[in-house]
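Given next are the chains, with one letter for each unit.
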Amino acid sequence: MTQTFRMDKPQPRLLDETRQGVIGTSMDRPDGPLKVSGQATYTADALPEGCVHGMLVRATVTRGHLRDIDRDSIADIPGLLAVVRDPRFLRNPAQGMAGEAPDQPGDRIDYHGQPVALVVAETFEAARDGALRLKLRFDSVAAEVDPDHATEVEPQDPTESGDWNAAWSGAAHQVDVVYTTPCHASAAMEPHAAVAEWQGDRLILRGALQMLRFNRKELADAVGIPPEQVQILAPYVGGGFGSKLGIGTEAVAAALAARELGRPVRVVMARQTVFDAVLRRTETRQHLQLAADAEGKLLALGHDDRVSNLPGEEFAEPVSSASQFLYGARATRFRQDMVRVHRVGAGSVRAPGEAVGVIAIEAAMDELADALGMCPVELRLRNLPDQHPVTGQPFSARALADCLREGAKSFGWSDRQAPGARQEGDWLIGMGMASAARPNMLVKSAARVRLSAEGAVVETDMTDIGTGTYAVLTQVAAEMLGLPPGQVTVKLGDTDLPGASGSGGSFGASSSGSAVFLAAKKIRDRLAAKLGCAPEDLSLQDGLARGANLEAPINDLLAGEVLVEEAEIKGGKTAESHFSAGFGAHFCEVAVHRWTGEVRVRRMHGTFAMGRVLNEKTARSQAVGGMIWGVGSALHEDMSHDPRTGHVVTRDLANYHIASHADIPRDMQAVFLEERDDFANPLQSKGVGELGISGAGGAVLNAIHNACGVRIRDIPATPDRVIAALEAAGR
Amino acid sequence: MQTTLTVNGHTRSVDHDPRTTLLDALRDSLRLTGTKKGCDHGQCGACTVLVNGRRINACLTLAAMHDGDEITTIEGLGEPGALSPLQQAFVSCDGYQCGFCTSGQIMSATGMLEELARGDPSHASPDLAQVSADDAEIAERMSGNLCRCAAYPFIREAISLGAKGERS
Ligand code: FES
Ligand code: FES
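Quick mapping for you: the protein sequence lines, in order, are chains A and B.
Here the first sequence is numbered in my numbering, starting from 1 and rising by one per residue.
Here the second sequence is numbered in my numbering, starting from 1 and rising by one per residue.
Everything labelled a hint here was simulated from the structure, so no lab data went into it.
Cβ coordinates follow ideal geometry from the N, Cα and C atoms, glycine included.
Some hints could be false.
As the list claims (entries may be wrong) - Computed beta-carbon distance windows for the label pairs:
#, chain 1, residue 1, chain 2, residue 2, range
1, B, R167, A, I225, 55 to 63 Å
2, B, R167, A, A75, 53 to 61 Å
3, A, D337, B, R118, 52 to 60 Å
4, B, Q130, A, T596, 24 to 32 Å
5, B, R167, A, R731, 32 to 40 Å
6, A, K409, B, P121, 38 to 46 Å
For reference, chain A alone in the conformation it holds in the complex (with noise of 0.2 Å):
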């Protein structure tokens, strides 16, 4: 068994000292032909010898249960199959990093659009006839969906300091203002698939997978098997953002009907059970008070918001997590209530907390500088706090005073003038920035290196979203071993292999890359020992060895042998010792038509420190994709649940709108700073997919403000939206 190492002091930066030169490079991914050849195989590409086609059927009623299925309705399909309805059947995916099943409700229904049965036929449609068609008998009962009148409320613990009221009252300065945003749906491109086989005892399932380590244990408890007998394999998934952390009704319905039927079943949701069925995020309310002196010292700084789950869900969205240490006041204050409805479950989507939250407070700090007349630039520098003011945890490294000053230059935010000041024709032009930032963990990971006479390969179950795993790990070992990156092979995606941190929360490069990086540093110390030099002297490159005034080429060093390593890594000591955090600061340019209210975003700027950037290309889409998600949230995204039934309405992709190509300009900028954070992983690398989502809705409504003077609150900045608040500013 591996020791795992734990990241209790900070590590030698072995990165800065390595010869080969590809760690932090624009690298291409090495997975990037065959995503542009169509030959990157994705869950549903799969179609096992003799499989057959489920089609998974949606409760009609919003709380009750299911009396009984006429399968006589569907009878006549000709191809059908079986009505599958066990009940082992989930009532909602899986949290992240649950590592069980999750709720097995039986006959009970909790919210519309809850999957309870999967009809399998022969053909694909067929299975969609047959679900279609299905005759269902549900009881029904009364419940509660609309977070604005459900009765159930649950108040968190608060988190507070200091002496709220002396801190408020007196204050020259008060921002006391509400701001709410609706539910996001993740909406990955790629629909939840599971491809299901057994060979005897054993399930091989092809997932739609997030995160294969509690994968497996969690479709192992749902169908009641011991996790050994689970196999996942996920080469490539298709988007997750979060709506494929835990395992979905999918995989288990294609599960329990292969077993039924003797046959590999493929179950692909449908697009708009996709939205019925996979976790959302919480639409919230959000209360802001901040409260300051003539200066703009903070003296208050409150941020409650309420948000929603279904009955028995724990997941609450963690709104004022960035909050509570972006800033510093001498009083603070967060609250929270859990309101329980009946409307499909709420967890994570990109940046769970930041995503939402810190559009609020952003919006609201630009409203304070407003009162006080202020930069808004200026009024958050004045503000960083020197420790974590919660916590009292000193930072670990944070460079948001770099990234606002730098990141204003860069955009050119001097230029700002006056809201309403500046019109092109019909179109009011303003500017609006926004701090980032979002916490860093390291979660247990770990990785078998293999180094031979062809290259390396290392393993592990990690997945790669589209995060650029593939390629931050072939980086991560052709540095350490010193190999040109095309001898690195990387295999991912198989529960077979050492088990990794999976991706989600921004921590998988970090987590995967220190196991990969500790495994290659074991075969570096073999390499050494065969030179016969000290670890620390030896320097590898282009396959050569040298150290101690001896060289040798690695092939004749392993003369033969393969050498072979595995280790793991988890959280430490520092992680209490220091709060590791990556921040940023986003510039926004847009302009507002004045008499239809459209917004358009001409150019977007971000500027971030998270640590060593493991890729500058694969770092530089990830801020950007996370940039464009703000976009969407300040503009577009809108996921509407009927207040009566609680179904969701926006559930297709005409319905709920992400941002197209057409929303999106071509200027969008992420710079990364140079930054080292010792005390985050022994590679000095923060996450980055959640941080460029952090504020950048934040900087689009306030620059929406510095175009036209209106402050929208109710997000998305919906163009009736714009037009109300033009007509009520009498503009």
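Once you have looked at the hints, place chain B with the ligands on chain A.
Same frame as chain A, now just chain B with the ligands:
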């Protein structure tokens, strides 16, 4: 029922349910799985292929309607080691992340560049008689291809770069 398609230059006969879409025929019958299904409703563009040179959403048309038609899918453009200039540009510009929308983006761009070359105007053309290949045109014409990873700026960079390569 039987339909004969010419896919990427090869004549293929498909035995299918009358309800089978062109998309499912390509993916499940011919096992050309490069073309993706993101919505099955004509809302995402992941299934874009060329039919007789024009880009269409393969999920919105039945296989039975294409007897004798020439279909080009992503597999027909190039393969690792022999990528087309446009495919290569997507790699070098990082014009993707998860890759799920990518086949559709590339097929759509291939058809779109033809439309531009023909001088077909769009909603974004300031002058209907004179169409330029600027970013606003490309953004408008590519808006039927959603990318939730939001690689849009890099996709359009790749299209501009790839277009130069395709011409030369
Ligand atoms: S799958 Fe055809 S447009 Fe989405
Ligand atoms: S690359 Fe993931 S959806 Fe476009």
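For each hint, the structure was consulted:
1. Between R167 of chain B and I225 of chain A the Cβ separation comes to about 57 Å, which falls inside the hinted range of 55 to 63 Å.
2. Taken as a hint, the range 53 to 61 Å holds for the pair R167 of chain B and A75 of chain A, whose Cβ atoms sit roughly 59 Å apart.
3. Checked against the hint of 52 to 60 Å, the pair D337 of chain A and R118 of chain B passes, with Cβ atoms roughly 58 Å apart.
4. Hint check: Q130 of chain B to T596 of chain A, Cβ distance near 27 Å, so the stated range 24 to 32 Å holds.
5. A C-beta distance of roughly 48 Å is found between R167 of chain B and R731 of chain A, which places it outside the suggested range of 32 to 40 Å.
6. For the pair K409 of chain A and P121 of chain B, the supplied restraint of 38 to 46 Å holds, since their beta-carbon distance comes to about 40 Å.
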